[in-house]
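Undergrad: We have chain A already, so just place chain B on it with the hints.
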Amino acid sequence: MTAVELAGITKRFPGVVANHDIHLSVRKGTVHALVGENGAGKSTLMKILYGMQKPDEGTIAVDGQQVTFSSPADAIARGIGMVHQHFMLADNLTVLENVVLGSEKLYGIGGKARRKIQEISERYGLEVRPDLLVEELGVAARQRVEILKVLYRGARTLILDEPTAVLVPQEVDALFANLRELRAEGLSVIFISHKLGEVLSVADEITVIRRGTTVGTAVPAETTSRQLAEMMVGSELPTPETAESTVTDRPVLTVKDLRLEMAGGKALLDDISFTIHAGEVLGLAGVEGNGQTELVDALIGLKHADSGTIKLAEEEITAWPTRKRREQGVGYIPEDRHRHGLLLEAPLWENRILGHVTERPNAKGIWLDPKAAQEDTRRIVEAYDVRTPGIDVTAASLSGGNQQKLIVGREMSHKPRFLLAAHPTRGVDVGAQAAIWDQIREARREGLAVLLISADLDELIGLSDTLRVIYNGRLVADADPATITPEELGSAMTGAASGHLENEELVEQLEEQAEAPEDEAR
Amino acid sequence: MKKFDRERVLLAVAGPVIALVVAMTLTSIVLVASGKNPVEPYTLMFEQATFSDVQVLIINQASMYYIAALAVAIGFRMNLFNIGVDGQYQLAAMMAAIVGAHVALPAALQIPLLILTAVFTGMFWSGIAGVLKVTRGVSEVVATIMLNAIATSVIGYLWLPNVFGVKVGNNNTTGEMHESGWMPGIDMGAAGEIYGFVVIAVLLGIGYWIVLNRTRFGFDLRSSGASETAAAASGVDPKRMVLTAMLLSGGLAGMAGLPILLGDTHTYSLNFPTGIGFLGIGIALLGRNNPTGIAFAALLWAWLDKASPELDFHDYDKEIAVIMQGLIVLSVVVSYEAVREWGLRRQQRRVGAELAAGHVLGAPSDNSIEKEVAGR
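For the record, the sequence lines run as chains A and B. Once you know that position 396 of the first sequence is 395 in numbering that gives the first Met the number 0, the rest is easy, because the numbers rise by one and skip nothing. Once you know that position 119 of the second sequence is 118 in numbering that gives the first Met the number 0, the rest is easy, because the numbers rise by one and skip nothing.
None of the hints are false.
Label-pair ranges, simulated between beta-carbon atoms: (1) B:206 to A:338: 29 to 39 Å; (2) A:262 to B:208: 33 to 43 Å; (3) A:153 to B:36: 53 to 63 Å; (4) B:239 to A:338: 14 to 24 Å; (5) A:382 to B:111: 46 to 56 Å; (6) A:153 to B:344: 28 to 38 Å.
It is worth saying that the hints were derived from the structure and are not from the lab. The structure displayed is predicted, hence computed values, not measured ones. C-beta atoms are modelled at their ideal positions from N, C-alpha and C, and glycine is treated no differently.
Excised from the complex, chain B in its bound form:
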């Protein structure tokens, strides 16, 4: 039944393409409305993408987006909204930075130690929300939002000089990590260096796909997302599944800050990127919770981020990129739902038509139609 497979690909691509087209059109309308050229910003930004140093920046940035979006996506796959990826990755990155500054093992042990520190911190933080949901029925959305705020306060506390903080000028840092914890990158010559963690991000994507699509656990998780009641009747323990998914999501989220921490900053300071967790939500949506889709979405987001500063030099506002990101998220939500329903209905019609035409799997076609009619 190749036909239906091709159709599935078509449906998968139709959603994001429609969303992107709509978002670009709307952005152009905004540009026209403010008396600007509606096309030039795009050409400028596309041009940026051809420079190898910008490409390196895009890939590095995308690796963080990618991991954060995977963390969100694993929640989405079972109808959990982990909106707390932001707090989870920041706290996790800070803990990793602190461990990295105070423990000095050989690199072969130090880097795994830092990664595990981040993973467990993220799991711990999301686990709180998971436990609250399972034992007390607290909505994970509310709990994780609150935990974001608490994470900010905890980070502020840990930054105090008499705790783990090290003041560098006006900046709060956690002190520089020992060099054994610096992850070597891929040298691109003059263009810069691609973070070593990019490789891990790719592996995470592959792992995500395998776990979800090729394991029993993944099937249980996906069925819980598709229908909680059917999953429970099939033998999934809903509470355990919620907790596991929350922990997995938090563990992934914990790694979202590591590419830059291990590859560049080597300390957790006030300059450390924030908000990646929230961007991850939009990216996961655009990527349809699919590891390949998310990769494209993360690259797109990173491109908008890294190519837009150029606009300031040409009398455009770089915020155009932010507007565009917002519009993409909005149109994605609408277009996916529309495409999903359309696809479902279309398939039902096609199945009806195929059956009426006698294309029944494994049955000699003729008498089957009569039976169907007689059955009415």
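Chain A on its own, in the form it takes in the complex:
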């Protein structure tokens, strides 16, 4: 029996990767994992299933019956509940109050509701006490309250969005025990994650989603995490390999002992030191949220270092404001182009000015030069193959890949000395991805220094001359992209390995092959 079946779901958004021909079938009484990279389209899909978004094409069937949801209320009525990654609880209310909030009609707000909560809690081993204030609860307990909230509303299918992201390992085990309890009672769970180990341990079935579409299903017993990773990343992608090394010994960006603190004094970044030379791409690997965003902010000047220095060529830029850094040759491809790289409702030519308003051709003295900016926008659109009918359309009307090509073109047009590229090909279609890789490679040949941050390990390994791993705000490991595999890099990203990473087999092979005189460039 299938609990939920999605067939041919397509959702188009201008500007972002949409869902495309998604097929997902969840059997009753199973834990079904949905895995994929960040930005692969998992969240959109779940929003569709939970009635927060309407699909443009395709059908949703619950218990074999075709349904259309126009709001989460419809989904709840059909027995579909969602536990969001960010909890939606009122801290100053009790567990009981939080649970009944919005569903007062079900069991009232008094003794009947309390009994119902206790009953659910016992039945699934959730250990929720109805009269505690939510603010007194820890993260794991809050999560159980969220689960209970969903069950209280009669859900038979639960969607859990990255539920383990906020938990420590013991709590993860407890959560999995709860999930098995639910499964034993005949409920279905859709478990969204990108942590492959967890998925393999808890799921009965796995569906892999990549670039907005489902690429396959797997059964944990017959799958390794390596195979899953390959499905997630895909093997037919164009490889981002760089041919010969162009690294020089001229340092362009030198970061020394950089430290950045949170308001409370906790270090977000600590002891960060690295040098990027002209013609070098330094790849930074790491699980998201380990300090990459903060590092980018510190380098572009959105946050100022609490200690340590940043040097651009020979000049110390630690105290420089963002504008001066950008004027002096720091190019910036932001992680979130909608938030940091574009004015979505402004025309393309104004977006071409953004970030370079003080520079030619955009301005003459204090005056803007719209004519020259428009002229140059046309040039960028042609040179960087931005697909648009004109330069007066808003940035929002372009697809994500074309928006990104415009940003890359804009940044490259100012001949940066150092390029800060955070996830330069995220949410970008394959064609645009290859084009962006080419641009970075070409600029590197001309002596550009690049800091590349990416969640796509193949991209990192393929484009970089040097690799560093960031974990918990520190650079914990380094590796040579010529000899490292994505799996090894992955284990360093979780903090399991540190120091200099080497793949022994590969190194041996390489050494054997390289008996001959010419040694590796590095």
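TA: Below, chain B without anything else, positioned relative to chain A:
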């Protein structure tokens, strides 16, 4: 790409037109509900607009609305809500009146002195809110509302006879300004006199457009309004921008009371018009923060104000105009948001369609489509 330009004009006009139509319809419904003729008030008011003396009144009134709305609009352009224009212009007008009554320079110096006094008073008052926001994170909405109340008290204090006040009968005034500070108007014969400050209001509108659309500073300000995060990443210092915008807004607000002060009353008294700052909010909204749009909106508002008293003579209540103003503001907010979203979506669809049809800028059309498909 002329097509998209025409579309932009269409979108710009659609919002206010829809709002006005909705507001008039709703007002007519109110009239019908109270058993009145739903059309006659409009004809009466339109008729008023044809009299030259009413026209002069409308233009004079509109000049104040215009400046106040520009002050609000400059805040709106960067997502700041200066709700304190009201306190800023009243305090500024009073300070100008006091300086005007106590300093006597030749007109060529006196008038600029009074204008500067007003501008700096307005800047000072809005600057307080700006500094609070930048240093302490106090919402400018709350701060400026509070400052309005404080301004009222300060004005009351300054009116005391032992401070700067001069009692004229029951009226509190600041004493009559020296004649060198009276700004000469444009004589329209029997119809009256158009305030000289109207010319300055027009210049302010032009200046507003140039600064916002043709300078680096204006670009930074607009990008801060469009996306705070993108502006910060582009190198705008958000705090400095907040403070600057607040000061600019206050400086403009300071001038909102000057047309009538320099052109007519020559003193700041209990009869001095109040509430212009609040009306300016609605006018800025209706005018879409655009200097031309605001000019039309200000004239519309002034027309409703100056034409409505006639209604009392025909057995209608002149408050109909106030109802209408309120309804316009309400419908404007709704219709703009609707039109904006509709326009955005429409453009996305059109861009998609144009691309699918192979109309790609600078590319020979044929193979481009295949590429796009292959890229999927």
